[in-house]
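Top to bottom, those sequences are chains A and B.
By my numbering, the letter at position 481 of the first sequence is numbered 481, and the numbering carries on one by one without gaps.
In my numbering, each residue carries its 1-based index in the second sequence increased by 592.
If you are wondering where the hints come from, they were derived from the structure by calculation, not from laboratory data.
Note that the structure is a prediction, hence the values are computed from the model and not measured.
Where is the CB? At the ideal position from N, CA and C, for every residue including glycine.
Hints are not guaranteed to be accurate.
Quick partial rundown of chain B residues pointing at chain A, CB under 8 angstroms, derived from the structure [unchecked claim]:
hint, residue
1, Asp686
2, Ala724
3, Val728
4, Leu941
Here are the computed lysine-lysine pairs in the DSS-like style, where the Cα-Cα straight-line distance is at most 30 angstroms [stated by the list, open to error]:
hint, chain 1, residue 1, chain 2, residue 2
5, B, Lys692, A, Lys209
6, B, Lys1006, B, Lys692
7, A, Lys216, B, Lys899
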Amino acid sequence: MADGSPMTGFDPVELAIMGNRLDAIVREMTSTVILTANSSVIGMARDFSCSILSADHDIIGVAEALPVHAFGSNLQGQAMAEFHPGFREGDAFLNNDPYNGNTHAADHTILVPVFFEGAHLFTSVVKCHQADCGNSVPTTYFAAATDVYNEGALVFPMVQIQSDYTDNEDIVRMCRARIRVPDQWYGDLQSALAAARTGERALIRFAEKYGAERVKAFVTAWLDYSERRAAAAIGRMPAATLERHGRLDALGEFLPEGVEIFVRITIDPENRKAVVDLRDNIDCVDAGVNLCQATATGMAITGIANCLEHDLPLNSGTFRRIEVLLRENCVVGIPKFPHSASTATTLLADVICNTAQSAISEIGDGFGLSESNMFLGVSTGVISGHDERGGGDYVNQLFLMGGGGPASPEADGLDTFTVIAGAGLCYRDSIEITEQRLPMLVKSMKLVPGTAGAGRQRGGVATRTEFGPRGSEMVVMQVTNGVATGPRGVQGGHDAFPGANIKVHADGTEEVLPGYLHTVLKPGETIVGIDSGGGGYGDPAVRDPARVLADVAEGYETAGRAREIYRVAILTDAEGFATGVDAAETARLRGA
Amino acid sequence: MYRISVDTGGTFTDVVVTDGQGRLTVGKALTTPERSFTGLSDSIANAAEQIGIPLGQLLAETRVMVYGTTRATNAIVERKTAKTALLVTEGFPDVLVFRKGGKLNALEINAPVEPPYIPRALTFEIPERMNAEGGVETALDEAAARAVLEKLGRIGIEAVAVSLLWSIANSAHERRLGQLIEEILPGVPYTLSSALNPTIREYPRSSSAAIDASLKPLMQTHLRDLKADLAAAGFGGELLISASSGGVMHIDDVVQKPVYMAKSGPAMAPLAGIAYTRAEEFGNDVIIVDTGGTTFDVSLIRDGAIKYTRETWLGTPMASTMLGMATVDIRSVGAGGGSIAWVDDGGMLRVGPHSAGSVPGPACYGKGGLRPTVTDAAVVLGYIDPDRFLGGRMKLDRAAAETAMQGVAVQLGKTIWETASAILRISSETMIKAIEDITTNDGVSPSDSTIVAGGGAAGLNVLSIARAMKAKNVVIPKTAGAISAAGGQFSDIAIDFSASCYGASDAFDSAAVREALGGLAAQSAEFEAALRAKGVDTFRRQLFVEARYARQQWELEVELPVDWAQEAADVELLETLFAQQYQRLYHVNRKGTVVEAINWRLRVAAILPSPQVSWEGPSETVPGERENRAYFDGAGHIATRVLDGTTLPLGCEIAGPAIIEEPTTTIVVDPGMTGRLSHSGNYIFEFGGNHG
C-alpha cells in the first residue's frame, strides 16, 4: 500500500471525513478532561492523554496528547484482552503498571471497551497523571527509588474498575486508603471516567452512522494512509546513519555519575523508514529513572516525528515507519522487574527525544532541531505544608515555568515550551489563582535576557521564578535534569546555559541546590528556579541583524551579546532604547 | 420612523433598515477604510434608494442607529493603535508574553507566536505588591513611579494601561497611579485593570486593560468624527455602538471602555438568530453560522440566552492576544470560498488551511489562481452561475475552474464533478466540526436546535450540513448576506459589571459576597438612572457566577436568580444550579462536592423596542425561474430549477433540486429536500432533528 499512488479500497473523500470525525472525538474527550480535572498537573500542565484504539488494539487517534503519552495505549489494549478475555460492554479497566504498557505508576489509565452490535469495535483510553499515587514518599517522580518496592506505588495491573457502568468500590476504597489527598484523586478518577465514557458515546454514534463493516474498513485504510504519509516524509530525507550522545546529569547519591545515553538513528529513504536504536545503553539502574517500553518507544518516535511534518497523524500506522529497537533490562528500554520506572515520563525521556531530534540536524542545515530546555526546577516542584489561613494541609505541584523551546532551521524557539516531553502544550498557573489557593507569595516570574542559545535561529528564552511561604514552613521537592548540562545548539548554533535551583536565605545569601532536592523554607526565605533557554540553530553571526535588533530592543538579548556573539552593533538613544543597527560597524564585525 | 443598523466589515459595509411596520431593507456598499463615513453613507444611500426616499430624508427620519465595525478588531490585530505603555507589579513584566501558556499542536515545535500586545520595551515594573487578601506586602514606591511616568512623557506615550497583581483585592495602588498619570501626563488616556475588568487571573485582566488603553485615542476620534459626519448628513437620532458583549452602548460609555468595540460587528449576529427563530416559533435553541470569504463563524443561543466566554482570542488561541472580557462566544475556523483543495502525500483530499484569498483568488476569478477552491467547486457543479456572481457584478471563468479541478481530479482518479462535490463535502465537514465544538462542549444537541445561516457563502452547503447533523430546521433569512447588521435591529443596551470575590460553599462568607454584589448593584443602578434620564424605562438584570468544584482548574459560568444577591446566602441553591450545569455538560453528578465561586458578573440590559419583522414579498406575480443542469452527489447531472429569490411569493414551497439566487447569497437545495419561504421572509427547511 505504501507506494504513494492513489489509494485503492477506500474512498479518499470518505477517508478524510471519517478521519476528521475521529479527531473530533478525541478532542471532545480531551476537553472533558481539561475542564473537569481536579489536580493542576492534569488541568493545567495537561499531563494526560486521550486515545482511541481499534478492535485490534492499534492506536488510531491521539490528537493533542502529550508526546510522552502518544505511544503505549496499544500495549495496554493488548494487556486488557490478555487479562480479561471476556471483557464486555459497561466494563472499565484501570492500569498504571509500566510493566503492562503503561508509562509510569502515577499515570492512571482508564480503558473502556466500546461495543457496537454486540462486538468490540474500539477501546476508548484516558490516561491522567495523578497528583499522588501512594508512593512511599509524597512525590510521583521518585528518582531515588531503588526498586518498585521502595517506590511503593499502589499498582493496578489492568484491574477492573467498572462493570455495568458501576464503580468497583473495592478499588476506590483501596486508593482512598493509600493515596494522599484522596478526594483529589477521586475527582480525577471521575474526570477520566467521564472522558472515556464521552468517547464511548461518540464512537457508538460514529459506528451507527457508518456501520461496523465500513468502520473496520476505514480503520485499515486510515492506518495505511498515515503510514504512507510517514513514508513519504521520511523518503524525502537523505540516507544517513547518525550517532549522538545525550546525558542525564548526576542526581543525589543514588546516581552519582548520571547516565550517559547513546542513540543511533538510521534514515533509510529507499525503504522510507527510520530506525532508532537504543540498545547500546547501560542496564537498568537501581533508581527510579529507568524508562519503560512505552516511554522509550514513544520518545524515540517523537524525536523523529518532531523533524517531519506538523500535521502528521500520530497513530500505529505512522509508527510502522519508525522502528525503535529496545532491549530488555536496559535503562532506556524494557525494564527488568523489579526495577523502578517512577520517572519514566521525564528525565531520560527528554534526553532520548532531544538527542534524537538534534542528531537529525547532523544530516545538514535544514534538518532536525536543536535541544529544548530540560530543566524542570522548583517552579514546577511539589510544595507541601500547612495553610495558616485556615486551609488545612496542602500538597500541590506548581506550574510557574517558561522553558525555552528548540530552534528549527526556520524559526526561533518558544519561550513557554516547558520540556520536549510537554512540547509547549502545558498551561501555566495564574499567579493570583496560585496565591489564592496556597499560602505562598510569588516574588517574581520573568524572562532572563541573553539566555537563549544563540543561533541563526535562536532558542527560546529562559525564565526565572522566585517564591516563598507566607506564614509557615513550606517543603519543596523536585528532581530535574539539566543542572550541569545545558540544551545543545546544532549546526553552529550555541548551547544554552544549564538551569539552577537557588535557595535565598533570610539574610540574602544564596545557596545553589542540586537537581534532586528536598528542602524546607521558613517564612522570609525564598527559592529560585531558573530554567534553560533552548539551543540555537545555525551560526549566530549570520542571523538577520534586524532580528538581532528586535531581540535587543525587546530585551530578549543584550547589546553585549549582540556584539560579541551575533556580531551586530546596536545603536541606542539617550533613554536606553535600541533604535537601530550600526550598519558599518556590523559589516566590520561580521567581516572580521 | 426608521431604525438603521450598520456592520462595517473588512470588505463590505452592510446596512439593515426597518420602518415603522417592521419592513426590512438591506443596503450594501464597499467599505472605505481611508474614510469610513463614505462607505457607510453609500450603504445607507443604497437602502434609501430601495425604499424610494432620499438619503437625507432617511437619516432625518431615523430614531436609532446601531453601529458595528471591525475597525477596533483590525486595529488590534494589525497593532495600529496608540503607542501604549503597560505598568505592572515589579517582578512580573512578562505577563503578556507568558499568556496562559500552552499551544495547539504538539508536533509543531516552533508554532508562530505573536509578540506581546504591548512590547516589553514599553512595559514598566512598578515597585509595589498587594497580597491575595488585599494587604500591602510592598508599599507603592511613588518616586520610582514618578520617574517611570516622566520617562513615558519624554518618549511620547499616547496611552497607559495599569494592571497590578491583586488590584482586584485592593485597588489603592492602581488608583494612586491613575492620579499620578493625570498629574504627570495630563490628557493622556489610561485604563486601570481594577476599574475595567476586576476579575481574578492577571493575564486576561492585563490584556483587556492593555487593549482598552491602546484603543482610546483612536476610537475617541473615530466615534467623534462619525457622530459629526452623521449630524452633518441630517441624522438627529440616537447613535448606539455595538459591543462585544452582544448589546449596544452609548458613545460616551464606549469611549470610556473602547475594549467593548473589539468584535463589535459579529457579536450582533446571534441577536438576529434568536429574533428570526422566535418569529418562526422554532424555540429557543439556536446555532448561528456566518460564512464569509475566509472564515466560518459559529455562535450559540441555548434556552434563549447567548453563550458567552472569557476565552476570546484575537487570532490563534494561546498564541495571540486574549480579549479578557466576557464576550459573545464566536468560534471561527478558516473555511470559506477561497480555501484551496489539494491531495496530500497519503492520497487524501484536503481542503485548506491555505486560502487563495482575493488575490489571486479562486481559479474562476481569472486572476491567475491555478489551484481549485471551494468557490471553483461551486462553479463546476453549476451552483454558482458564472454570469450572475455577486448579482452579476463579477464574471467568473467556468473553464478556468474546470481546468484547476482537473489537476486534483486526476490525482484522486475521479471526475471533476465528483471532485468538486467532494471538496464541498470536506469543507462542510470542517464547518460541522466547528459547530460541534461549540454545541457538544456546551451540552447542546443540534437535533434540538435551529440553524440560522448568514454570510454570502452560507447557502452553498448549510442545508447539507444541517441534514448531516440532523438539525431540527434551518432558517435562511432574506438578510442572510447582512446578518450582523440585521442583529443590530434587535439589540438592547447592555453592560457587564464584574467583581472577584472568593467563596467556598462549605465556608461561605455571605457578608463579603453580599458586599461585592452590592457594589455591582450600585454600579447598575447608576447606569440605569442615566438611561432613565434618556427615556429608557425597561431594564433586565442577570446575575452570573464563575465557579468550579473545589480544586478544579477552570470555572464554569452559571446564572443565578438576580435576587439571590440580596442575601447572598442560599449556598444550597448555588450548589444545586452548579451541579445541574455540570451534569448537563459532563454527565457526572457531583452534587455534594464543595463549590468555589470566584468571579461574579451582573449584566444589565436596557430593553429597546425591536421591530416585528415582516417581509412584503415581491410586487411581480410571476416568479422568475429558469432551468439549468447541476451536479449533485449521488444523482449526477440533473435538471435543476434556478429561482430568482426576489420574485418568489411568500408561502412559496421549494423542492430540491433547486438553486435560489438572492442578491447577497445563493442557496443550494439538494434533491429530496423541501422548504418554503415563510411569511416573515425566511427560507425554512425542516430536517426533523431527532424525531425525523
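Structure-based check of all given hints:
no. : hint                 : in the structure
1   : Asp686               : 5 angstroms, holds
2   : Ala724               : 5 angstroms, holds
3   : Val728               : 12 angstroms, violated
4   : Leu941               : 5 angstroms, holds
5   : B:Lys692 / A:Lys209  : 38 angstroms, violated
6   : B:Lys1006 / B:Lys692 : 46 angstroms, violated
7   : A:Lys216 / B:Lys899  : 38 angstroms, violated
The structure fails hints 3, 5, 6, 7 (numbered hints given earlier, in ascending order).
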